[in-house]
Amino acid sequence: MDNILSVLVFLPALAGLLGFVVNKESARAYGITVAAIEFLLSLWLWVSFDTNNAGMQFVELIPLIPDFGVSYYLGVDGISLFLVVMTTLMTLIGIASMSITENVKNMVVTLLFLEMTMVGVFVALDAIVFYLFWELSLVPMLYIVGAWGGPLRVYAAIKFFLYTFMGSLVMLVGMLFVAYIYHNVTGVWSFAITDWYALVLPIDYQLWLFAAFFLGFAIKVPMFPFHTWLPYAHGQAPTIGSVILAAVLLKMGTYGFVRFSLPMFPDASVMMITPIAVLSIIMVIYTAMVAYAQKDMKQVIAYSSVSHMGIIMIGMFAMNAEGISGSVFQMLSHGIVSGALFMLVGVIYDRRHTKLMSEFGGLAAIMPKYALIFGIMLMASVGLPLTIGFVGEFLVLVGFYEVSPVMTILAGTSIIVGAVYMLSVYKKSFFGPVTKEENKTLKDLTPKELWSFIPLVAIVVWLGVYPKPVLQPIDNSVKAMLAFMDEKAITQEAKDIIKVPHVSAHAREVK
Amino acid sequence: MFEPIKVSLESLNLVTLAPMLAAVAGGLLILVIDLINGKLHKSFYVMLTMLILFIDLGATLGLTLNERGFFNVMLEDGVAIVSQLLIIVASMLFTPLALTSKRFHEYSYPEFFALFLFMVAGFQFMVASDNLILVFVGLETASLSLYTLIALHNRSNSYEAAVKYFTMGALAAGFFAMGSAVLYALTGTIELAQAAEVLASRIDNNALVLTVLGSSVLLMVAMAFKLSLFPFHTWAPDVYEGASAPLAGYMAIVPKIAAFAVSIRIFGMYIDLGVEWVREMILLLAVVTMTIANLMALVQEDVKRMLAYSSISHAGFIMAALALDTTEGAAGIFLYYALFMFTNLGAFAMLWISRHKVRRFNARFDHPYEKFAGLIHIMPMGAVIMALFMLSLAGVPPFSVFWGKIYIMQAAVNAGLVWLAIVMGLNSAISAYYYLKLIVYMFLKEPVKDVDTVYYNLSKPLMAVIGLAAVATVGAVFYVEPLISYVYFMISASGY
Amino acid sequence: MIGLSHYLIVSAVLFSIGLIGVLRRRNLLMLFFATEVMLNAVNIAFAAISHFYGDLTGQMFAFFVIAIAASEVAVGLGILIVLYKKHGSLDLDNLASMRG
Amino acid sequence: MEKLVYIALFAPLVSSLFAALFGMMPKKQFVGVVTSILLGISFVASAILAHYVYTTEEAIKVTLMDWIGAGDLHIPFGFVVDQVSVTMMTVVTLVSTVVHVYSNGYMDHDKSFNRFFSYLSAFVFSMMVLVMSDNFAGLFIGWEGVGVCSWLLIGFWYHKPDVSREENPSISPSWAANEAFIMNRIADLGMLVGLFIVYWNTGSLQYDEVFAQLPHLSGSVLNAAALALFIGAMGKSAQFPLHTWLTDAMEGPTPVSALIHAATMVTAGVFLVIRANPLFSMTPEISYFIAVLGTFVAFFAASMALVNRDLKRIIAFSTLSQLGYMFAAAGLGAYWIALFHLAAHAFFKALLFLGAGNVMHAMDDELDIFKMGGLKKVMKWTYLYMGLASLALAGIPPFAGFFSKDAIIETAFNEGTYILWAILVVTAGMTAFYSFRQVFLTFEGDERYKKYGFHPHEVYRYVLIAMSPLAILAVIAGFFKGSFEAFVTELLPEYHMSEHTHHLAWLLGLVVLAFAVGGIVLAYKKYAKGLKRDEALEATWYYKLLANQYYIPNLYEEFISKPYAMISDIFWNRVDMKIVDATVDGIAKFLYGTGDGARRMQTGNLSNYLNWMAVGAVLLLAVAAISAAIIG
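Read top to bottom, the protein sequences are chains D, X, Y and L. Take the working numbering: the final residue in the first sequence is number 511, and no numbers are missing along the way. Take the working numbering: the final residue in the second sequence is number 496, and no numbers are missing along the way. Take the working numbering: the final residue in the third sequence is number 100, and no numbers are missing along the way. Take the working numbering: the final residue in the fourth sequence is number 632, and no numbers are missing along the way.
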């Protein structure tokens with residue numbers, strides 16, 4: 001099946017359309033089934049993926065608007081493959097664990113459309129197609145936050161939409177400009193990212209374009225100081241919305257950096273290492289402190305997302321394979337872990353209809369399973385070795401250390417400040433005596449809830465102990481990208497900083 | 001003694017006139033039929049109008065490219081043909097909207113349809129000539145018909161709208177005429193092609209700067225009025241509000257297409273001659289218009305009025321393409337309208353089906369946002385389609401307007417005006433707010449009253465039109481390619 | 001000797017008078033007259049320029065302007081009559097139900 | 001032999017997972033039994049491995065699988081069993097086994113019995129990973145693993161509420177657990193940085209490869225690496241200024257204190273320094289710093305122990321003090337002596353803690369030694385054990401502590417660092433004093449507990465039996481000093497006293513002994529006959545200073561915790577909400593406001609509209625004229 005990517009993209013959309021016909025009572029089951037099929041398909045994609053090939057695979061290329069250079073161009077490499085798999089997985093688990101009772105059918109249909117856009121973003125190799133899915137993903141999310149959210153939902157939804165929309169329009173101008181240059185150089189219109197990679201741009205163009213793309217991606221990530229939409233969106237979104245938002249939508253921003261900014265503007269990227277690192281460090285420390293000040297459990301997780309995205313960002317700009325692979329791995333890790341944490345908050349919210357930590361306390365005694373899973377995810381979140389959270393964070397910090405020891409130490413405080421707010425959440429909610437009468441009768445996780453967490457826990461441990469199946473394809477593609485960036489860089493500075501690994505992945509297998 | 005004037009029919013090349021003649025003859029036919037039998041139902045006239053427009057369309061398609069005719073006043077170049085096609089298609093979309101399930105005053109007069117056809121003919125004359133006399137005549141024919149059509153809606157607001165539009169239109173006509181006079185004084189001709197030649201030799205004469213300035217500014221005012229550019233836009237919101245919804249939607253497209261065609265001819269000439277300030281003026285108008293109109297749209301309480309401001313903003317957006325004076329820019333204008341047409345008419349048609357005889361929600365407005373609250377519960381399909389139109393207008397891909405937007409933004413980038421593209425982008429972001437506001441009302445709020453009748457006016461033909469608009473909006477990605485190549489070919493063939 | 005420029009100045013002055021009338025008048029009927037003045041100013045200009053160039057197009061334009069002015073008056077008065085029937089006044093300050 | 005390595009390593013993991021299966025169920029006695037047996041198996045395997053290494057003098061290396069591979073970085077799960085690690089393995093598994101058996105009795109009535117064993121075994125597994133790993137990353141896994149287990153176990157009784165610092169200096173188990181975790185994390189950052197330095201300069205994290213590369217590195221790099229790694233060690237081994245968590249960690253169940261916070265985990269820092277001795281021996285400045293810090297902590301902790309009234313805290317301070325001794329030895333280059341003291345200390349300190357656990361058990365978790373006294377009548381065996389352990393701790397021959405501690409003090413003399421030597425000698429005296437102050441106040445004198453209505457009783461017999469190996473080792477471990485030296489110096493650098501020192505050895509020993517005996521005698525005089533409180537002394541500033549741990553916890557709270565919380569709050573409420581977010585909203589509001597302003601031009605009045613047109617025309621003219629003037 002060579003066109004598996006198209007199937008992956010459009011199956012959920014088609015299923016969403018057909019979903020309108022499905023009876024209300026069966027909508028949930030329908031959603032789970034479709035998401036499961038989609039997940040299995042993505043697993044198949046992984047299985048049939050050639051892990052030794054660092055380039056694009058399963059490429060599909062159909063000219064769409066040749067006069068304008070737009071084509072329907074899809075493909076995956078090691079970097080995007082796992083983001084696709086994570087997307088389908090989190091959608092499946094999200095739908096399966098969904099606790100919404102109102103308008104379930106609309107929710108299922110919306111989620112399926114959202115899944116299409118998310119998969120689309122990760123497999124698109126044409127800038128316009130990428131942009132198309134990128135923007136479209138806002139719409140279902142707007143609806144999810146706006147229709148099922150909390151009291152401020154409309155404000156949050158619109159803020160989310162407009163903020164990201166604004167940024168991405170600037171990015172669009174950047175894309176158009178790249179296309180223009182490409183046309184000037186080659187005489188052909190093309191929006192294909194792989195074509196764009198071949199462009200060697202002068203420094204000032206690179207810088208301006210980097211800035212344009214940066215705005216689009218940074219708002220999505222969200223980087224400080226563009227992050228304030230996120231706490232609102234998370235605070236108001238229903239659980240499923242937060243899960244998808246944190247797990248997948250934020251990754252679109254960081255993915256954009258790997259897919260566009262780094263390979264297209266290597267020199268600008270190198271020049272921007274320090275500013276980006278500074279912003280990232282602010283994200284890491286500042287938002288961690290803000291998270292510590294929160295009273296609402298969900299807001300803590302929301303701000304912690306920003307903090308973790310800081311780690312991802314800084315790793316991306318390490319300009320060596322350790323850092324970038326770690327950063328991509330950390331995207332997956334953060335996707336799984338923060339998704340799970342939001343689901344966990346959702347569990348308690350369903351029971352108590354509050355997320356204020358002051359309302360809880362001593363939950364460990366009443367809901368031991370819940371406390372256990374929360375504890376595992378907490379540990380993964382603070383980057384405990386042998387959980388998924390460590391691998392990425394460690395690699396990121398290793399990688400960036402080569403660039404700047406001092407900034408690495410500052411970013412590394414993430415393991416301290418992260419522990420501070422996470423442990424404080426755990427202490428406030430789970431430890432201590434049970435003070436509130438209504439908490440004494442809370443039910444522990446139901447089998448349904450438990451079974452939606454078990455796969456996540458399994459992944460957290462599996463990829464913490466044995467990340468190789470995932471890390472190696474990522475690493476291969478990253479190495480290829482770095483080699484390419486190094487070759488393309490025009491300034492000596494960039495050539496010096498971009499580090500091409502000389503030892504291949506297999507050279508030092510287990511002896 | 002005067003020589004007898006011998007004009008051979010071939011040299012007149014009447015084919016170039018055929019489209020307009022079809023429309024005019026059709027209008028007359030309707031009047032005659034009404035004289036013979038005054039009791040015919042509006043559906044008869046609607047269908048007749050459709051047929052006449054069809055003939056008109058056929059005649060337009062049959063035109064040979066870049067042909068002149070009728071004492072060389074007709075000029076059927078690419079711009080003319082493309083804009084005529086757009087005008088006719090938009091008219092064909094508009095006409096069936098008369099077939100509402102409720103009766104409306106204006107459609108009971110067959111004159112409505114006759115006037116409508118005269119108006120179409122007027123616009124066609126306007127675009128199909130580079131002779132300022134004919135442009136002026138076409139402009140006035142169309143405008144006078146349009147004022148009447150607005151007034152026919154028979155509401156106190158409609159009269160007010162008609163008067164405002166009329167008065168300001170008369171002033172604009174004065175400006176246009178004066179501008180033509182100055183240009184005439186400058187060049188001794190009112191044919192743009194010849195004027196350009198003459199001007200080219202005189203443009204460096206510093207003594208004439210004032211005249212060039214005067215002519216361009218006067219003509220610009222007249223066109224800016226037609227295109228509803230800030231600060232000449234003031235009529236637009238009121239007129240849209242006073243006019244019936246379909247007519248408002250129509251006004252946001254057809255007169256502007258015609259005005260753009262004329263503007264391309266006139267201002268393209270100036271820019272080609274190296275009169276940079278014309279470009280500056282256009283850019284300024286464009287940027288200010290799209291921004292201010294956007295900001296004003298933010299604060300509207302009525303959907304129709306919001307859409308009025310939104311179409312002003314879109315006009316500003318397109319105006320920017322005019323400043324580029326590149327083939328892409330000119331093609332962008334028509335491409336944008338071709339894509340915008342369906343969405344915009346669809347959106348206004350959605351308002352049309354919810355039009356009530358009496359205002360139920362608000363003392364002043366017919367279509368306040370509250371009216372659409374919870375539409376998803378009342379009329380799910382309608383809400384989804386309206387949302388599609390709104391997203392398209394906001395420029396969310398892959399819906400139709402998005403393609404127009406990026407084409408124009410690309411054109412701006414290609415012309416070296418990256419800042420303009422960024423301004424366009426940011427404006428799109430601002431505009432998203434008010435479009436979203438409607439979506440929020442439709443999807444995220446509970447209905448305010450138990451409204452049995454949001455889809456009060458719905459009928460099969462209206463559903464068909466809206467359905468067509470929705471399909472065209474959603475499926476844009478599939479026809480953008482042929483559209484671009486056709487428009488681009490036509491525009492470049494006519495030398496712009 | 002009265003030259004082209006004199007005519008043009010007259011035309012410009014008339015045009016300005018018309019414009020000021022349009023801007024200052026509060027009665028719709030007067031306003032219409034003011035626009036007529038403007039159009040006639042244009043006619044003078046056209047006629048004069050036409051004579052200056054020895055070219056008939058200007059005069060043709062003037063004729064068309066006259067025709068259009070006439071039809072404008074016809075349509076305009078029609079609308080005014082309906083308006084007057086509804087509102088009972090032609091003062092444009094009373095005509096501001098739509099705003100904002 | 002490989003199988004034995006895996007058995008030794010994974011038996012605790014299996015044990016932990018087995019116990020975890022029943023983690024949420026009511027007490028199951030067999031869980032305790034099975035885990036104890038599995039730990040015993042691990043011990044046996046370790047012992048066999050130790051024998052193997054001892055006899056063959058070769059290390060066993062195994063690689064389980066790849067762990068992380070990215071860029072040029074490749075980290076396998078590799079384990080090495082050599083002289084150092086096998087010593088640690090044996091000590092760890094031995095103490096663990098004893099503690100597991102002991103816990104069967106101690107946790108008898110706890111409703112989270114099963115969970116406790118799960119955590120405890122998980123800890124042992126982490127510790128085994130820590131000591132057995134053949135690379136720094138693996139060490140870090142264990143390092144963090146023990147941290148988490150320590151967190152879980154300190155906070156084991158998480159249901160206790162927070163109380164004020166006056167009431168309980170540790171506030172609550174969960175508070176203490178968090179404090180321990182976060183403080184360790186601070187140090188772990190240092191450790192990570194050490195790893196990064198090592199990796200980027202040697203291209204590997206494998207011990208052997210790294211150590212082989214060391215001679216090629218510059219001094220500053222070595223110093224940086226050594227310092228960073230030592231910062232890591234400071235956290236885990238609770239060295240000043242990261243020491244406060246250790247005493248607070250006493251909130252955990254006493255077996256935990258014995259195993260984790262005395263015998264094993266806290267010595268991980270010392271282990272790291274010993275493990276990385278090739279690095280530290282190349283950085284004399286850092287090593288000297290380590291020695292100085294160690295000496296300081298030895299004295300500093302002992303001083304706080306002098307006045308403390310809390311049974312477990314006294315032992316905790318003594319642990320801290322002994323860790324100081326170990327660092328002093330390691331810092332002075334006597335790695336094998338540090339390791340020897342580490343092992344010996346593990347035995348007698350665990351014994352001491354378990355004894356304290358017996359007392360607590362008897363006294364219904366009362367910890368104030370001022371409320372005890374005369375317990376020897378009911379708790380003979382415990383008295384014996386604790387007495388033995390205290391003698392060993394005080395360094396009285398022929399008990400284990402004498403041999404190990406004396407060697408350290410001798411080393412300080414040998415290195416010519418006489419100030420360190422003097423401090424260490426004085427500290428030895430203090431150690432003897434506070435140890436026996438505690439023993440006498442608890443077991444001798446008047447039976448103050450009766451006043452408070454306690455009914456103490458001796459613990460289960462099997463618990464006492466379980467403790468006996470530790471007691472025996474506390475007594476005899478010192479005798480193996482020679483063979484131990486021969487064994488570990490296969491790997492570690494040898495350390496010999498100079499001729500001069502050798503001559504004075506008996507004299508030096510005597511001085512130390514004199515101080516130790518002096519301390520005991522002083523304690524006996526003051527406390528053996530019963531508690532006579534010296535109000536005047538207790539009111540002095542230095543007494544208060546010591547009793548309040550030099551006010552360091554308060555200092556941390558006032559200058560770190562509270563400002564952190566305050567700044568966090570400011571960041572959130574003032575910066576994030578009022579500046580960052582308000583700017584965004586401000587832009588939106590500005591746009592909206594502009595729209596509201598602009599709509600005012602739309603008056604509805606036709607005359608205004610016409611004026612606008614005229615204004616527009618004039619403006620256009622102006623713009624055109626200006627740009628014409630500019631552009632030309």
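It should be emphasised that the hints constitute simulated quantities derived from the structure, not laboratory data. Worth double-checking, as some hints may not be accurate.
[Unchecked claim] Here are some chain L residues pointing at chain Y (derived, C-beta under 10 Å):
(1) L610
(2) A614
(3) S627
[Said to hold, decoys possible] With the Cβ distance kept under 10 Å, some of the chain Y side facing chain L (calculated, not the full set):
(4) L19
(5) V22
(6) R24
(7) L31
(8) L95
(9) M98
Note that CB positions come from ideal geometry on N, CA and C, so glycine has one too.
> Of the numbered hints stated previously, which ones are contradicted by the structure, given in increasing order?
Replying inline: 3
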